[in-house]
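If you read the sequences in order, they're chains S and P.
As numbered in this note's numbering, the first sequence has no gaps in its residue numbers, which increase by one up to the final residue, 451.
As numbered in this note's numbering, the second sequence has no gaps in its residue numbers, which increase by one up to the final residue, 408.
These aren't lab readings, by the way, just hints derived from the structure by calculation.
Some hints here could point you the wrong way.
Said to hold, decoys possible - Reference excerpt, derived from the structure (chain P facing chain S, CB under 10 Å, subset only):
| # | residue |
| --- | --- |
| 1 | H117 |
| 2 | S136 |
| 3 | K138 |
| 4 | L322 |
Unchecked claim - Reference listing, derived: stretches of chain S covered by chain P, where coverage requires no fewer than 3 residues with Cβ under 8 Å from a Cβ of chain P:
| # | stretch |
| --- | --- |
| 5 | 41-48 |
| 6 | 229-241 |
| 7 | 312-326 |
Don't be surprised by glycine CBs; every beta carbon is placed ideally from N, CA and C.
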Amino acid sequence: MSSASEAKHPAQEFNQITETVADVIERPKPPKAWYVAFGIALAMLGLLAVSVYHLLTTGVGVWGNNNAIAWAWPITNFVFWVGIGHAGTLISAILFLMRQSWRTSINRSAEAMTIFAVMCAGLFPILHTGRPWMAYWMIPHPNEMLMWPQFRSPLMWDVFAVTTYATVSMLFWYLGMVPDLATVRDRAKSKVRQIVYGILALGWNGSARQWHRYERGYLLLAALATPLVLSVHSVVSFDFAVSKIPGWHTTIFPPYFVAGAIFSGFAMVLTLMVPARWLFGLKDIIKESHIDVMCKITLATGLMVGFSYGAEIFIAWYSGNLFEQYAFLNRAVGPMAWGFWIMVTCNVLLPNLFWFKKFRTNPFLIVGVCLFVNVGMWFERFVIIMTSLSRPWIPAAWADFTPTFWDAATLIGSFGLFFTLFLLFIRFAPMVAMAEYKATLPAAHAGHQKG
Amino acid sequence: MSSGTRQLHPDENIKLGKLGPHVFRIALTTGVLFLILTLVMGLLAGDDMTRFFFSYLVGFSFFLTLALGALFFSTIQHLVRATWSVVVRRLTEAMMGTLPLMFGLSLVIIIPMLLGHTGLYAWSDLAYAEDNYFVSQKLGYLNVPFFALRIIIYFAVWIAIAHYFLTRSVQQDQTGDTSIAARMRAVSAPAVIAFAITTNWAAYDIWMSLEPEWFSSIFGVYIFAGAMVALFAALILVCMGLQKRGRLTRTITTEHYHDLGKFLFAFVFFWGYIAFSQYMLIWYANIPEETIWYQMRIEGPWMYVTLALLFLHFAFPFTCLLSRHTKRRRSTLAFFCAWLLVMHWIDLYWIILPTYDDGTIPFHLMDITATLGIGGLFVAVAAHLLGRVDLVPTKDPGLGESLEFENY
Chain S
1 MSSASEAKHP AQEFNQITET VADVIERPKP PKAWYVAFGI ALAMLGLLAV
51 SVYHLLTTGV GVWGNNNAIA WAWPITNFVF WVGIGHAGTL ISAILFLMRQ
101 SWRTSINRSA EAMTIFAVMC AGLFPILHTG RPWMAYWMIP HPNEMLMWPQ
151 FRSPLMWDVF AVTTYATVSM LFWYLGMVPD LATVRDRAKS KVRQIVYGIL
201 ALGWNGSARQ WHRYERGYLL LAALATPLVL SVHSVVSFDF AVSKIPGWHT
251 TIFPPYFVAG AIFSGFAMVL TLMVPARWLF GLKDIIKESH IDVMCKITLA
301 TGLMVGFSYG AEIFIAWYSG NLFEQYAFLN RAVGPMAWGF WIMVTCNVLL
351 PNLFWFKKFR TNPFLIVGVC LFVNVGMWFE RFVIIMTSLS RPWIPAAWAD
401 FTPTFWDAAT LIGSFGLFFT LFLLFIRFAP MVAMAEYKAT LPAAHAGHQK
451 G
Chain P
1 MSSGTRQLHP DENIKLGKLG PHVFRIALTT GVLFLILTLV MGLLAGDDMT
51 RFFFSYLVGF SFFLTLALGA LFFSTIQHLV RATWSVVVRR LTEAMMGTLP
101 LMFGLSLVII IPMLLGHTGL YAWSDLAYAE DNYFVSQKLG YLNVPFFALR
151 IIIYFAVWIA IAHYFLTRSV QQDQTGDTSI AARMRAVSAP AVIAFAITTN
201 WAAYDIWMSL EPEWFSSIFG VYIFAGAMVA LFAALILVCM GLQKRGRLTR
251 TITTEHYHDL GKFLFAFVFF WGYIAFSQYM LIWYANIPEE TIWYQMRIEG
301 PWMYVTLALL FLHFAFPFTC LLSRHTKRRR STLAFFCAWL LVMHWIDLYW
351 IILPTYDDGT IPFHLMDITA TLGIGGLFVA VAAHLLGRVD LVPTKDPGLG
401 ESLEFENY
């Protein structure tokens with residue numbers, strides 16, 4: 001807090017937070033930039049609708065997938081989006097258990113981002129099945145044909161891991177939002193707002209008993225969500241690592257994928273929150289020090305990813321297995337080496353700029369580095385899938401890949417879905433956890449001042 | 001949010017005092033006697049000392065992982081600006097201060113290898129290595145001079161980090177200069193990176209290469225996870241031991257034990273996660289070069305050890321440590337710490353010994369005596385270091401907050 005606000009009475013400080021945060025959803029019109037962004041996002045969402053329509057009416061042949069490279073872009077996009085969806089739970093659950101109070105300024109929006117990213121992720125494997133109207137077969141249910149999912153397939157584990165993750169993230173997000181929705185309800189002037197936020201607030205009245213139960217429930221959900229941070233991307237990594245495909249089968253994959261997911265998730269949170277705090281006047285709430293810490297976490301997880309690349313390449317050599325060695329050599333100098341070097345530059349080299357304070361404080365530089373990280377993490381999945389599938393054991397089975405217009409359109413369209421949902425979220429839901437944020441202020445602990 | 005103004009209680013005993021030399025003498029005597037005993041048994045075994053080296057490696061590994069866990073804990077506290085842990089940090093600093101000793105003890109393994117002893121690491125036997133296709137591919141990496149050089153480099157890095165953080169921390173006690181804390185924070189970031197790289201490759205070299213055909217890229221993380229379990233278990237027991245002898249009685253509270261217990265729990269879980277990931281991926285892919293390692297551990301009596309790790313290193317402590325009562329009550333927490341130290345030893349035994357003889361569990365009294373011998377020296381050095389300094393970093397800027405710390 002600036003020195004001016006320190007002089008205020010604690011109640012004024014609390015009130016100011018409510019005013020600042022609630023103003024974003026109560027002001028009659030959002031800033032012009034919001035309309036521009038929303039227009040672009042809607043256009044991209046439209047592109048997604050056209051792509052999906054074209055795909056469903058024509059078939060998966062509209063994509064560049066071929067017999068050798070069956071996973072191609074859709075699974076690349078899936079893994080990319082699931083990864084983006086990891087910062088939310090890490091911030092909400094693990095940082096909560098670690099008593100990192102700074103998380104309260106960004107946890108709400110990060111959780112929202114998580115949910116939207118998981119939605120985008122879910123889209124791709126469902127479309128990739130080729131017959132999305134049969135997707136419900138993946139859910140075990142009694143049926144006349146006695147069809148049962150193949151539980152030995154890691155692709156099935158994904159279904160359970162991702163749906164569990166989506167459910168718990170949604171519960172966590174919503175539970176945390178209840179007191180704030182009640183605040184918005186109590187401040188609402190129009191009948192419609194009173195009714196809508198009234199229903200969403202579940203009759204919250206802020207009694208001590210409600211708070212007690214709320215906090216116990218929140219702590220329990222945090223503890224339950226913590227293993228999910230590890231499990232989801234570990235299971236996604238199993239999709240690759242249980243197989244024998246050279247370049248996919250290495251035991252470090254689970255923790256390496258988790259680190260990469262958190263890395264890309266934080267980069268996305270920064271990409272969105274750095275402009276948002278400026279656009280909606282939240283600079284006093286999402287402070288520079290919070291952004292600074294997030295840059296450091298991005299750097300730390302980026303280093304873990306670089307470390308994993310090193311361990312993976314070393315073990316490929318050390319294994320003495322020619323195919324493993326070839327897979328990594330092919331990544332670095334083969335026909336798709338450009339992808340590998342984009343990945344290395346964006347994920348291993350560029351995050352090191354965050355060692356410098358200037359890069360952690362200048363909003364343009366932060367967003368710049370984070371955009372590169374997002375590109376790099378997409379390319380990581382691209383490299384893993386493409387290089388290994390296009391050059392497996394027998395040269396007769398080798399194939400090249402050319403993406404089609406519809407590959408690109410679906411990916412761009414998924415960003416449209418993500419941004420549309422996110423922009424609606426910041427317009428209609430309290431984007432900072434007001435109640436939690438206030439609880440971390442010194443004034444909330446006045447009674448403890450003397451220890 | 002606490003304001004961090006609380007001071008150490010004026011009557012608090014923060015010196016090891018007479019206890020230092022007392023523990024030092026007992027531990028040193030025990031250590032030397034048991035090592036001599038082990039050496040005699042090794043010579044009597046009549047197998048060119050091979051069995052001795054396996055036993056020795058188990059004991060060495062146990063205390064090396066403990067020291068490395070302490071090194072990581074002591075450095076990462078600065079990196080993440082943790083304040084809750086300040087009251088216990090000096091104890092881990094003393095534990096990592098044993099790394100020069102561990103280097104000396106590593107020479108017992110390296111020098112015979114340089115002199116041509118090939119019993120411990122199969123790849124050091126050229127006749128065997130050149131006969132095995134996969135091993136012959138790795139001889140550029142797995143050869144005795146390069147191995148010895150790498151071990152020296154790892155220890156040089158570890159000792160440099162340990163020395164830096166121990167001396168600076170003690171220096172801050174004397175001068176009260178808070179800029180030292182800022183300096184340690186700045187150094188902690190590259191230190192943790194250097195730690196991660198050296199520990200990972202040390203794990204590949206010291207333990208993974210025992211079975212030279214076998215490889216697993218997660219193996220360094222597995223060793224790290226076990227080391228952290230051992231560190232938290234040992235740290236909690238050391239705190240309790242000191243408090244029983246009237247040291248730090250008002251400084252380390254149930255709140256600190258609760259948090260240490262949470263970390264113990266978290267690393268039990270993390271160990272289970274890493275162990276499962278490694279096993280499941282190798283089992284599922286079923287590639288001979290990889291399954292060979294688990295094959296030796298699920299055949300014959302080793303299967304019981306493997307299952308014991310699953311249930312007793314993971315499931316049982318995991319379930320019991322979930323409850324906050326287990327973590328806040330001294331007796332139950334102490335029980336699980338002792339339990340997990342034993343399990344960590346069994347884990348290392350399970351990593352090392354199947355290489356010696358696949359088929360049976362080749363238990364030998366030397367396994368125990370070597371561990372006790374090396375442990376004696378480890379405790380002696382740590383007690384000696386602690387005897388010369390305060391048991392808490394008295395001038396650490398985070399001490400006040402650590403003293404006031406409460407779980408909510």
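Here is what the structure says about each hint:
Interface restraint check for H117(P): the shortest CB-CB distance to chain S comes to about 24 Å, outside 10 Å, so the restraint is violated. A hinted interface residue such as S136(P) counts as satisfied when its beta carbon comes closer than 10 Å to some beta carbon of chain S; here the least separation is about 8 Å, so the hint holds. Given hint, K138(P) at the interface with chain S, holds; its Cβ is 6 Å from that chain's nearest Cβ, closer than 10 Å. Interface hint status for L322(P): upheld, as the beta-carbon distance to the closest one in chain S is roughly 9 Å, under 10 Å.
Requiring three or more residues with a Cβ within less than 8 Å of a Cβ of chain P, the coverage given for the stretch 41-48 of chain S is violated, as only 0 such residues are present. For the stretch 229-241 of chain S, the stated coverage by chain P is satisfied: 4 residues place a CB nearer than 8 Å to a CB of that chain, which reaches the threshold of 3. Counting residues of the stretch 312-326 of chain S whose beta carbon lies closer than 8 Å to any beta carbon of chain P gives 7, which reaches the threshold of three, so the coverage claim holds.
Of the hints listed earlier, those the structure fails to meet are numbers 1 and 5, in rising order.
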